[in-house]
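Trainee: Input sequences plus hints: build the corresponding full structure.
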Amino acid sequence: QQQVKQSPQSLIVQKGGISIINCAYENTAFDYFPWYQQFPGKGPALLIAIRPDVSEKKEGRFTISFNKSAKQFSLHIMDSQPGDSATYFCAASKNSGGSNYKLTFGKGTLLTVNP
Amino acid sequence: DGGITQSPKYLFRKEGQNVTLSCEQNLNHDAMYWYRQDPGQGLRLIYYSQIVNDFQKGDIAEGYSVSREKKESFPLTVTSAQKNPTAFYLCASANRGGNEQYFGPGTRLTVT
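Chains as they are written, first to last, in the numbering used here: chain A, 1295 to 1409; chain B, 28 to 139.
These are calculated hints, taken from the structure and not from any lab test.
None of the hints are false.
Computed list of lysine to any residue pairs in SDA-like fashion (alpha-carbon distance at most 25 Å, straight line):
no., chain 1, residue 1, chain 2, residue 2
1, A, Lys1365, B, Gly125
2, A, Lys1299, B, Ala88
3, A, Lys1396, B, Asn53
4, A, Lys1299, B, Phe115
5, A, Lys1396, B, Phe82
6, B, Lys98, A, Ala1339
7, B, Lys84, A, Ala1323
8, A, Lys1396, B, Asn55
9, A, Lys1352, B, Gly125
10, B, Lys84, A, Tyr1326
11, B, Lys97, B, Glu127
12, B, Lys84, A, Gln1297
13, A, Lys1401, B, Thr113
14, A, Lys1336, B, Ala88
15, A, Lys1388, B, Asp86
16, A, Lys1396, B, Lys84
17, A, Lys1388, B, Asp57
Over 10 Å on every C-beta distance to chain B, these chain A residues come out as not near it, computed from the model:
no., residue
18, Leu1305
19, Asn1321
20, Thr1322
21, Pro1376
22, Pro1409
The structure presented is a predicted model; accordingly, all values stated were derived computationally and were not measured.
Where a beta carbon is used, it is the ideal one built from N, C-alpha and C, also for glycine.
Mentor: Next comes the structure, spelled out in structure tokens:
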């Protein structure tokens, strides 16, 4: 059973446009929602993360929108640039009584930003 | 430089051979993780360790084994029992009780 569903699988955006990637989760115990960016042949790197006590978090051109009631969260990339072309993964984890968190990942979205 | 190193970057093995992937971190992190990445499948957790000499199975542990004898090292052995070992393997680490996982550059294993 896939606990974090990510869409779309791939996305093509023109330079300067807005890229939007969506994720939906099932487990209401999840309390941490990060987004990772991965370039070909490299390991993923944390981009931005949010907790369910806020509805939006912005860092530069990247914004997470979070809808707790709908169990959905999304990544918005404003003014998309060719350098943003990468695979993006959403993830979720839950507090395990102070123990380290296990991340559950979505299947990823391949973003291509055309110049 | 602080970070996570994985070696080698590319690894080739014949079917039926065991192979060990290296993961070393100098971030002084307590927790370490191994993931497998296949095209279109996201990252799937193989094993994780929260402290030296202790580790737990993840979602797809069959055919894999690990050890955690030192805080900075978490090697993964892909055994001949793993049905489809060809994949991109990623190691990660995190602070005790921390959410943020830091990933290494990965090892691409090809078994023929």
